Each structure stands twice: as structure tokens, then as C-alpha cells.
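S.K.: First to last, the protein sequences are chains A and B. When you line the first sequence up against our numbering, it's residues 3 to 641, in that order. When you line the second sequence up against our numbering, it's residues 184 to 308, in that order.
Because the hints were derived from the structure by calculation, they are not lab data. Keep in mind it's a predicted model, so treat the numbers as computed, not measured. There is no bait here: all hints are sound.
Here are the simulated DMTMM-like cross-link-like pairs (lysine to aspartate or glutamate), alpha carbons at most 20 Å apart as the crow flies:
id: 1; chain 1: A; residue 1: K222; chain 2: B; residue 2: D273
id: 2; chain 1: A; residue 1: K222; chain 2: B; residue 2: E251
id: 3; chain 1: A; residue 1: K51; chain 2: A; residue 2: E64
id: 4; chain 1: A; residue 1: K133; chain 2: A; residue 2: E209
id: 5; chain 1: A; residue 1: K237; chain 2: A; residue 2: E327
id: 6; chain 1: A; residue 1: K226; chain 2: A; residue 2: D157
id: 7; chain 1: A; residue 1: K63; chain 2: A; residue 2: D98
id: 8; chain 1: A; residue 1: K226; chain 2: A; residue 2: D147
id: 9; chain 1: A; residue 1: K222; chain 2: A; residue 2: E159
id: 10; chain 1: B; residue 1: K224; chain 2: A; residue 2: E216
id: 11; chain 1: A; residue 1: K226; chain 2: B; residue 2: D273
id: 12; chain 1: A; residue 1: K177; chain 2: A; residue 2: E463
id: 13; chain 1: B; residue 1: K224; chain 2: A; residue 2: E209
id: 14; chain 1: A; residue 1: K177; chain 2: A; residue 2: E64
id: 15; chain 1: A; residue 1: K177; chain 2: A; residue 2: E188
id: 16; chain 1: B; residue 1: K224; chain 2: B; residue 2: D273
id: 17; chain 1: A; residue 1: K237; chain 2: A; residue 2: E455
id: 18; chain 1: A; residue 1: K237; chain 2: B; residue 2: D273
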Amino acid sequence: MTPDIGVAATVTDTSRKSQPLEPARVALVGNPNSGKTALFNALTGSRQKVANYAGVTVERKEGVLTAPSGRQMRVLDLPGTYSLRARSPDEAVTRDAVLGRLAGEAAPEALICVADATNLRLVLRLVLELKQVGRPFVLALNMFDIAQRQGLRIDLERLSKELGAPIVTTVATRKRGLPDLLEKVEGLVAAQKPEAESVWREPSAAEIRAAHAEAQRIFKACVKPPERPDTVTGKIDGVLLHPVAGLLILLTLLFVMFQAVFTWATPAMDGIDAGFAALVAFTNAHLPHGLLTSFIADGLIAGVGSVLVFLPQILILFFFILMLEDSGYMARAAFLMDRIMGGAGLHGRAFIPLLSSFACAIPGIMSTRVIDNREDRLTTILVAPLMTCSARIPVYTLIIGAFIPQHTVAGFLSLQGLVMFGLYASGIVSALLVSFVIRRVFWRGAVEPFMMELPTYRWPEPRNVLMNLLTRARIFMARAGRIILPLMVLVWVLSTFPYPPEGATGPAIDYSIAGRVGQFIAPLMAPIGFNWQMTVALIPGMAAREVAVAVLGTVYAVSGEDGETGALSTLLKNQWSLASALSFLAWYVFAPQCMPTLGVVKRETNSWVWPTVMFVYMVSLAYLASFVTYHVAVALGAG
Amino acid sequence: MSEAFVLSPEFEPVAVDPTGDPAGVRPLAVAGPGDRGVIVKVTGVSGAAEAVAAEELERRLLEMGFVEGATIEVLHQGLFGRDPIAVRVDDTRVALRRREAGAVSVLFEGGRREAGAVSVKFDGR
Chain A
3 MTPDIGVAAT VTDTSRKSQP LEPARVALVG NPNSGKTALF NALTGSRQKV
53 ANYAGVTVER KEGVLTAPSG RQMRVLDLPG TYSLRARSPD EAVTRDAVLG
103 RLAGEAAPEA LICVADATNL RLVLRLVLEL KQVGRPFVLA LNMFDIAQRQ
153 GLRIDLERLS KELGAPIVTT VATRKRGLPD LLEKVEGLVA AQKPEAESVW
203 REPSAAEIRA AHAEAQRIFK ACVKPPERPD TVTGKIDGVL LHPVAGLLIL
253 LTLLFVMFQA VFTWATPAMD GIDAGFAALV AFTNAHLPHG LLTSFIADGL
303 IAGVGSVLVF LPQILILFFF ILMLEDSGYM ARAAFLMDRI MGGAGLHGRA
353 FIPLLSSFAC AIPGIMSTRV IDNREDRLTT ILVAPLMTCS ARIPVYTLII
403 GAFIPQHTVA GFLSLQGLVM FGLYASGIVS ALLVSFVIRR VFWRGAVEPF
453 MMELPTYRWP EPRNVLMNLL TRARIFMARA GRIILPLMVL VWVLSTFPYP
503 PEGATGPAID YSIAGRVGQF IAPLMAPIGF NWQMTVALIP GMAAREVAVA
553 VLGTVYAVSG EDGETGALST LLKNQWSLAS ALSFLAWYVF APQCMPTLGV
603 VKRETNSWVW PTVMFVYMVS LAYLASFVTY HVAVALGAG
Chain B
184 MSEAFVLSPE FEPVAVDPTG DPAGVRPLAV AGPGDRGVIV KVTGVSGAAE
234 AVAAEELERR LLEMGFVEGA TIEVLHQGLF GRDPIAVRVD DTRVALRRRE
284 AGAVSVLFEG GRREAGAVSV KFDGR
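When you get a sec, could you build the whole thing from the sequences and use the hints?
M.R.: Laid out in C-alpha cells, this is it:
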């Protein structure tokens, strides 16, 4: 139990009538796509806190609000569900929270059941389940403006009587109906009816049928069909779900998104990079040379910088994902991709996590939470780092720039671009192959059902998208920061200690633990064409892939802030053979050169088994790929 | 996947169904876009190896609105293997794979409509 909630609960019990009242505890439940999160945003504004529920990796979103009467309320946004009968960890949280069984959480005093007013049929059955729980609730008929526009007539009085709960009509995106809603919630909390004993239990198929029939009866009695039903969604689907055109549109959309992630983010990333480089230089210049300065500059500042530099890309990526989600297109994308992904043994919902992994595997792995089935989710997590993340780009650019000539192939294709494309393609193809092998060889279990609602298309609400974007960014920064920073510090320690002896001639890193480990394993890497400098660069490169570029600069003692890459690439060209360079590229396609990713996998799976499995399989693949690449290249005369 | 539901490339939805049911009751798994009818039976047995028990599949289908008496229309299908399919159940649009659709039996109407057309019909209300 979190301390503040614990206090609230005890105080409320003893001094309920005294002023000021402790915040009332309210929870939002509802079907997916009911506008529940929009309502949560409208109610709580920026006063939101995102964390995890104790012991599970399900997001806990809570906000505080002040009702018109001055009463404070804590509002919990529970994961969307069609039933209290939970199928995924997310839905289990909703069930347990509603039942007041969730470890570490005080039971809510009242529930707000959020329903899409234009799509009541399925939610009524959920409402009947809530009724069995016995906790007081309000039914919020959200998106009521759309219902009115369609000429849908709902007998609110009768519906309220049938369900035994007050009903409020709301338009979350316009903040309509909120005072009324809060007043009703306050009324329920204040009434303090002795809580009815919960008679809810997991319904059998027969009971679901009976509840459906009852919901259907209520629906027919209270809802008159719309005079002007939505025909737009059907028309749009005619194009977007067209077997051929739909796929082409999806691919185009992905291409645009991909371009945006890389081109729009570049100025901001360069700015952040330059800013942190300047900060490091400033610190080095103005603080006395020594351990503390090195720690602050190279450990802390560079560490924070390496996290922040990906923020622009991740924001753009999340922006697209939120737009696609809020508009209702995401479910269509999963529909279009299901068969293609299914061929490789992946679930349709693995699409978004894998897409996110092109920016960075960390948000990708975090977003695998939408996949219900454990094996499906683990498979997705295991292959996500094979997607070419943006941290590989500096490495690829350096090596390609140094070794691949700027030829033009077939008249218009640049050879360098082709190699880059080849590296991306190898990542995708190997991810599909690996998941295929995992699902066909290791987990030959049957396939999880794919069933999802295709929601009505809607224009995303800019305010809502912005708020969700900020929430996502905050979550990423908090989680990634907590994992990446300590690792950066660790890598700094490894590459700093022990100091070089007096009169040492080589660069300092050669004498550090990282340098020694690198030289120690260098013979192991010789068969794949790596010299010891390359091997040494891999050790600090475990912090983040692009760090290897900086380390190569250090071990080859390239000096000067400007033109460093240019100088380095000339130097590499003279020092490495083409075969070694290609082998290094192949290594980077597969190798788990990213401890933060492994850290996130540990966190998301709650076990060291999966990061270990990931590390072992990726290192093996990397070694194999580099070995083959090197020897083929040598045989072709590139040695 | 059971032999009955393997969809060959030359599969034609209006053709006589594999079970040869004279009453026009066929599994949803063999329907094509434009086919419409009424759900007559929902079981958890899809005829394919499912990751979830039959009872669980049945409950999931019911919770998504696949319930006896609901009107259903197939709206779209995927490019590869004509899978998955998008259907309208009463007034909710749902996507599902043909294998799970094997657990839903539908009494189809005789005629077919154009794929992608929008139905605004509401059952008897």
C-alpha cells in the first residue's frame, strides 16, 4: 500500500464527517475505445501520476481533481476491458481494482463506467457485471454529441432505472457534462450506502449468454436506433481495409512515419548532441582535472545526454502512434498485418512494438504490454532488438562512409544507401526468422485467438493527443533514465579504472578494466576479423551502440572536436580491411550491444532468464554472421 | 487447422459448403465479403488447435457480441489466405481470424451484396 493512500483510508474511517474531507477514491472502467482516457484527461488535466501497480508491469494512472463543491477526488484510470473476467494482466488489474482485491490499493468508493453512447450493446453487459459487484457506480454516456448528431435516442430515465445507477451524458473532448458527473459521483460517495456484498464470480458461457439477453432487452427498451447512422466508417474501411489498396496505404503510412522519425528529429537531436558535448567540454575546462570532473562530464552528463538524444525521435514516433490509435486506424493496421506477422509466428498486435523498435527497442519492449498471451509477448520482446534502432545509425554511417565507395548502381541507386538498406533488411528478415524458429521449434503451442473491435473512425483531439504524448514521454524518461543512467556510470567506471601507469604511452582506456577485457577476448574475436581496438570499443559500447564510435575515436587517439568523424573514418580506412569492416557491420546488426535494453527486458519480464536468453542468442547470431561475412569477404579478396 | 476449413485459393464462398448443410447454415469461417445472416450457434470448438480451451474461446466470442440471434455481415477480408475477416455483429465491427470464426455457425441469406457496402439495417427495433 502506498503510504499516502494508506493514511487517507484510515483517516476517512475515523473522521468522515469532519472537514476537510479526505479525497474520495474513484475509478474509471469501460470498454476499450469508449473515450475513457479522454474523460480521464478532461477530469484531471495535468494532475496525473503514472507508475506501475505493485508487482506487475501494468501502468497505474491516477489523477487528482477538485469537484465544483470543493471536494477532492483521486481518480484511477483502469485498463479498458469487455468483461471483468480478465484475460490479460491489464484486465486482471481492472477486475481486482473493481473488486477491491488489488494488493496495495484501497478499494474505490465509487466507479465511473464510461460507455461510448453510440455503441452501447457490449458495454451494457459489462455494466450488469459491475452491478453484481455491488460497488456504487455512475454510467457516463460519453461522446453524446455524436449520438445526438446521429439522431440516436436513448431513454435515460428508463435506462437508469433498469441498471439501478445514475446516468450522466458527457462529451469528454469538449469537457461537457463533467460537473454533473462529479456531482453524481459525490452523491454516491456521500450516501455511503452499506456496501452490498459482491455476488460477482467469473461467469460461465451460459451466464454470459443470459447477461447478453438481459443487456439486449434493456438496449431494445431504452435505445431507438439512429436516424442518421454513421456511414463514414464503412466507406473509409472500404478503402483502408481493401486487401491490396489497404496494404499499400499502410506501407505508405509507415514509410512517411519512418521518414518523419528520422528527418524531423535530426535538428533537435543534433542540437541536444551539441549541447551536451558543449556541456562536457565546459565541465572539463572549468573544473580541475581529476576523477570527480571525469565522473561528472563523461559519466553523468554524457549519460543523461545519451538518453535525451533519443527523445525527439521517440516523441515523433509516439505522436504518430497516438494519432493512429485515437483515430481508430491502429486496429485496422493490426488487421492488415495479422496474416503477414502470423506467418512468422507473431501476433498482429506485435506490429506496434516492432515498429517502435526502429527508433529504440526500449519503448518497443515496453509497449509489448498490449499483447495478452505470454508466449506471444516474450517472442516479440526477444526479436524487438533485431529491428535497426537509431543508435546503430552512427556506427553504420561511420563504417559505410569509410569503406563503401560512393558509387551509383543501376544509374540512380547509391551504393552506400543500398548497403544501409541491406542492413535494415537483414534486421527485419532475421527478426521474422528468429520468431518463426521460436514459435515453430521452441514454443509449438497453438495460436492465440485474434479478435479485436474495429472502432468507429474519429478525428484525434489535439489536446488529448498532446496530453497522452507528454505522459508517454514522461514514462519513457523516468523508466529509461532509471535504467540507463546507472549503466552509463558502470561503463564509465569500467573504462576509467585502473589508471594508466606512470609514463604510459597508449590511450588511458587501454589500461582500464574495459581495455583489458577487450584485449583478453581479442583472440576470440580474431576469427571474425576484429582487431583488439575493435574489441575494446565493444565493451563500453555495451552502454549504448553509438558509444562505440566515440570509443574508437579514443583508442585510435583521434583528437579534436570538429571533423572527428571525418578524421576517424580516414584512419579506419587505413587500419581495417574491408572484410573486417563488413564483419563489424554484421556484428552490429545482431549483437546485443545495449545493456539498457537487457535491463528493460529484465524489468518487463521480472526475471533474469529472458535477458540471458536474449544475450546468448544475439551474441551467437552476431558471431556467426560476422564469421560468415568475414570469411566470404576474404575469399572474395577483400581481406 | 481441420481439413474442412483449409481455404484453397480457388475457394468460392457461395459454393456448397463442406458440411453440405441444406438449410444454409455454414460456419462463419467459410463466408466472404457481402455474406450476411444470423448467428445460430456459437461453440468454442473452432476445428483448429487453439491456445485457449473451448470454453474460453466461446466466452471470448460471446463477450465480443457473437451471440445466437445477432445479425452478422462479412465486410472485409485480408489479402493473404483471405484472412483475417472483418465482420459487423449487430452494430459492432470486429476483426477475427477464420480459424476462430469456425466456432460460429451462421444462417446465411441467399443473396450477396457488394463487398464494402455499408449496411444501415437494424434488426427489428
